[in-house]
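Asks: Join the two chains into one complex using the hints; note that each chain is given alone, in its own frame.
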Amino acid sequence: MWNLLQFELFKTFKKPRTYIAFGAITAIVFLIQLALLVNGKEYVQFILSSVDETLLIPYSKITNGYWICFAILNLLLIHVPILVALVSGDIIAGEANAGTLRLLLTKPVSRTKLLIVKFLACVVYTLILLVWMAFLSLFVSVLLFGTNDLVVAKEFEMVQIEKADVLWRYFAAFGFAAIALIVVAALSFFLSSISENSIGPIVATVSIIIVLTILSEMRIPIYDNTIKPYLFTTHMLGWKGFFYIDANANGQTITGSVNNLSAVFKSLGILIVYIIIFTGSAIYTFNRKDILS
Amino acid sequence: MQHVIEVKNLTKNFKDIIAVNDLSFKVYEGDVYGFLGQNGAGKSTTIRMLLTLIKPTSGSISIFGKDLFSNREEILRNTGSIIEKPDLYNYLTAYENVAFLAKLSGKVASRSSIMEFLQMVGLSERAHSKVKTFSQGMKQRLGIAVALVHNPSLIILDEPTNGLDPQGIADTRELIKDLSYQHGKTVMISSHLLSEIELIANRILIIHKGKKIVEGSSEELLDPAKTLVEIRTTDDISAKNILLSSEWSNNLKTVKGEKILLQMDKMHVPALISYLVQNNISILSAEPRHSLEDYFLSITTPETHVEPAAV
Chain L
0 MWNLLQFELF
10 KTFKKPRTYI
20 AFGAITAIVF
30 LIQLALLVNG
40 KEYVQFILSS
50 VDETLLIPYS
60 KITNGYWICF
70 AILNLLLIHV
80 PILVALVSGD
90 IIAGEANAGT
100 LRLLLTKPVS
110 RTKLLIVKFL
120 ACVVYTLILL
130 VWMAFLSLFV
140 SVLLFGTNDL
150 VVAKEFEMVQ
160 IEKADVLWRY
170 FAAFGFAAIA
180 LIVVAALSFF
190 LSSISENSIG
200 PIVATVSIII
210 VLTILSEMRI
220 PIYDNTIKPY
230 LFTTHMLGWK
240 GFFYIDANAN
250 GQTITGSVNN
260 LSAVFKSLGI
270 LIVYIIIFTG
280 SAIYTFNRKD
290 ILS
Chain R
0 MQHVIEVKNL
10 TKNFKDIIAV
20 NDLSFKVYEG
30 DVYGFLGQNG
40 AGKSTTIRML
50 LTLIKPTSGS
60 ISIFGKDLFS
70 NREEILRNTG
80 SIIEKPDLYN
90 YLTAYENVAF
100 LAKLSGKVAS
110 RSSIMEFLQM
120 VGLSERAHSK
130 VKTFSQGMKQ
140 RLGIAVALVH
150 NPSLIILDEP
160 TNGLDPQGIA
170 DTRELIKDLS
180 YQHGKTVMIS
190 SHLLSEIELI
200 ANRILIIHKG
210 KKIVEGSSEE
220 LLDPAKTLVE
230 IRTTDDISAK
240 NILLSSEWSN
250 NLKTVKGEKI
260 LLQMDKMHVP
270 ALISYLVQNN
280 ISILSAEPRH
290 SLEDYFLSIT
300 TPETHVEPAA
310 V
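Protein chains in written order, with numbering that gives the first Met the number 0: chain L, 0 to 292; chain R, 0 to 310.
Treat the hints as calculated values from the structure; they're not laboratory data.
Incorrect hints may have been included.
Result set (DSBU-like, lysine-lysine): computed pairs, CA atoms no more than 35 angstroms apart in a straight line [unchecked claim]:
(1) L:288 with R:102
(2) L:112 with R:54
(3) L:112 with R:65
(4) R:239 with R:25
(5) L:112 with R:252
(6) L:288 with R:211
(7) R:252 with R:25
Residues from chain L that face chain R, not an exhaustive set, calculated with beta carbons under 7 angstroms [claimed, not checked]:
(8) 2
(9) 106
(10) 290
Note that the structure is predicted; figures quoted are calculated from it, not measured.
We treat Cβ as the ideally placed atom computed from N, Cα and C, and that holds for glycine.
If we strip away everything but chain R, and leave its shape as in the complex, we get (with noise of 0.2 angstroms):
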């Protein structure tokens, strides 16, 4: 499948920051990418760079197979975005945002197909009240219309679903999969809110100061045979021993503090009990962490750092 999106050792330092590290990745036609990381990993500096707004230290970009600053304007083109949040003009009406910004994408969108995306995102109604009199929520999803109404082949998103309520968070995610399966947009997107890329990315990057962590599929990163299964016992160190010294150890993983993690398939999670407690280990709890955003903190959150087992 042909890339949209190809980083290649891309660094970015701020004086003496480094605030994105020899990051490499790629985005393939079609993807929804999850870009995931905490605050202050290097998200919005990593999708600052890929929208022209911050020049890279080093490192290279191509979209749509062309490098990216030598050929700004036709990328451009053809990119939709919001970068955290969408700032509009707040004494333009909502109508205006979406035409003038329409135009300067290269598109002369007509009031009909203005009034579409208004309608899309549920505003048809205040298209012609000032922006200043939108609710947060409003002004997103003005915004998505704003990324939208050029009708880009490439949509960035960097956290899309900010001040959003419930169902328009749910709206957002249903627009996104719809953006991507019914008219086959490559969405990357980034978000604090990791159920939410759960739910959508079908690939997914996450970052940790600057750095890539991990990139894969969300059904390899989230493959039920790799779940982490935490196991809280009356006496952790002879249950860590018994586990070393059985089939389990290949299993365990050492933890910094005072947790068992065992990487699993969580189909094996009473074998594995039933195993303790016949070496006379009383179980207070096993808790499976199947969700993107335990296995995002597991890997990112120092105290958790998971590292391979010493066998």
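Isolated chain L (complex conformation) (with noise of 0.2 angstroms):
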């Protein structure tokens, strides 16, 4: 088995598709730190416009680098999906498409043991790709930017976080949207051992989430209670939740809290349940094909 791990993660880092999303995380983040280290503050003046006139705002405490990396995370973590399709899509279907698919399975491997094998590459590929957004939009942005207090804007109401209680948080924050994205892969996965070329399963897995994330946005009462609360794009950015703190009764944040910490584990619960169902799915399709490519 870890031969066949060996050999999956060597192939996987050796296409040079592979760091196209290295390569744009790492645009896409320096092109934000830069903007915000120009325009920081004009930035925070326009998104918090509207309690500006009700709150004093310290802005030069706003911009640091735990509000930078919040404000990263926001924007990212919808977009990074798109970017873990483009080698999970491709890791059996790519295969299928190139004729080597057919070369793996004359080996004395099993089907299973292979499905399991490519769907362990996919998950180490992204959690390489996390790692790397984390160091990029925490490490670098609290180098640029210091640390202090994070300020994270709710529904109707601004939460303060004391410095000291932001870094679990934020590890804590990566650790969910880790299987978050591992829930992406795993479609993406489940599409591409049902296709023969890697466009479909891209394609397909950006489509579904397109539609599902809109799905999971629309506040219509007949979606609410019926499809919303099932829907994995419902639960993707369940992350948040750990930036939601209780405060006690004179409104003062309570150190090391989670305002709904029972909502943040039960869309974790569901993410997996996902995870298992689209791996399942590919490892039953699959066994049960002909190779014909």
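Replies: Encoded structure:
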């Protein structure tokens, strides 16, 4: 199994397309950091314009490394799934298209084991991509902008989290985001297992995510209690829950608290169920498939 | 002699299309088994079933005396193959391809043994070049190295000379002979170059539209006593009548079309010509069809399908 995983990772990181995502994330994060370094105050004024008149906003304190990381994650975690699909959508279908899938399947390795290893390779790629993103958005931002309390805008309120209470929340949020992105990897992996070329699964994954994200974001009662709670896209942004903090009767935030931890765990559970369904379906269908490519 | 492959009543349907139809055959230890058929005859489907890429609709396959699908990994560990064209990892080097695929076959090949195999197929100087820079012939040779590197005792080759130049074809032929005669490997080989099969196979199976047409040793199928002789005359109808009323009638095959075909020992062709000339038949040509390719075409091409003579 290790030989197979080693081979899969070796192949994955030998392909130029693997590095497209790293390049894209590096470019986007760099551009955001540069923009906020130059026009950070104006940007914060713009996004907080509705509460600007009622609150005294300490702009210089807000635009710190933690806040910039939060802003980057808000922007990026919706788009990173597209980058994840680039590799996981290609991992089986790309080999079918190139003819190397039949080469692999004539080796003494079971199809189930091969698929598990290929999925693990997708997971490793997703995690490395996320670590790279965390490094750029959190550590480079902290180096460039320093640290301070984190001010997060909720729907109808502002939440201020003490500086010392922030870092663990990022680790938890990145952990959650890893699971969310692995759901996307599992979806495109499943589509890859039933396809003969990699374009189809990549486009299909992106399309499904766009459609489901729109459904998740729509505030229409007919969907709110019927399909929305079960869509994985509804739960993919559950990482934000780690930044919604409890407050005491005096309105002071409680260090180390998470406002609705059970909802975060529920989202996590639903995402894990999706990973199992997509991966299980891929293994089931692939084991019954005739390799004609 | 012990059989290495035993196929019984193998059938594969793709919806309404019967790709392989009740096919049975055996490949014995040490055989170079030629597997012939026109395009679409079901050769590749059969080979894919032998390599577990396609599941049969019905029938059974046993290799090394064990059921293929219950003992898949054990059997594939001892099997090397090329299917149609050797699609390898173009973005990896020749060395990387051989090394990793050997590992997957359960063999950790040393650097020297990998280089030895690359040397054997004439690619040692390009060991560290990416495969995408290789010609089709070089890829074919690399595919052979990948198929052999884990030292399998059964080698299944589907069109192994595709894309090779004449020297490459000759080298591959020698390699297959060497694998069989010097190393005792069992080789099953399909090829559209029928003359290649004729030169290397000791046993031959011909299939057509998924069904077995004929199976036997090369000696039997290429027996000079069973040579097909095609006669062309100025008056084929009279010639056929004369032959039907003579001792040659047992040799005569009626043919769809205008040809006169006789199955006979080619040493008796001069006597046949003399007999026809004595009966005032002018001969335009008498052509012995002794090669396997002619034999293959005669039984698989509808226009020249041979049927027993109505005596």
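Asks: Take a quick look at whether residue 112 of chain L and residue 65 of chain R sit within 35 angstroms of each other, Cα to Cα.
Replies: holds (22 angstroms)
Asks: Taking 35 angstroms as the top limit, are the C-alpha atoms of residue 252 of chain R and residue 25 of chain R close enough?
Replies: Between residue 252 of chain R and residue 25 of chain R the Cα gap is close to 30 angstroms, so the pair holds against 35 angstroms.
Asks: Given the hinted pair residue 288 of chain L and residue 211 of chain R, is their Cα-Cα distance within 35 angstroms?
Replies: holds (26 angstroms)
Asks: Holds or violated: the hint that residue 106 of chain L contacts chain R, with Cβ atoms closer than 7 angstroms.
Replies: Constraint on residue 106 of chain L satisfied, holds at 4 angstroms.
Asks: Hint check: residue 288 of chain L vs residue 102 of chain R, CA-CA at most 35 angstroms. Holds or violated?
Replies: OK: residue 288 of chain L and residue 102 of chain R at ~25 angstroms, within 35 angstroms.
Asks: Assess, step by step, whether the Cα of residue 239 of chain R is no farther than 35 angstroms from the Cα of residue 25 of chain R, and give holds or violated.
Replies: violated (40 angstroms)
Asks: Verify the proposed pairing of residue 112 of chain L with residue 54 of chain R, using a straight-line Cα cut of 35 angstroms.
Replies: Holds, at about 18 angstroms.
Asks: Checking hints one by one. Is residue 2 of chain L an interface residue toward chain R, by the C-beta closer than 7 angstroms rule?
Replies: holds (5 angstroms)
Asks: The hint names residue 290 of chain L as touching chain R; please verify it with the least Cβ-Cβ distance against 7 angstroms.
Replies: holds (4 angstroms)
Asks: Below or equal to 35 angstroms on CA atoms is what counts here, so check residue 112 of chain L against residue 252 of chain R.
Replies: violated (56 angstroms)
Consistency note: the structure conflicts with the earlier hints numbered 4, 5.
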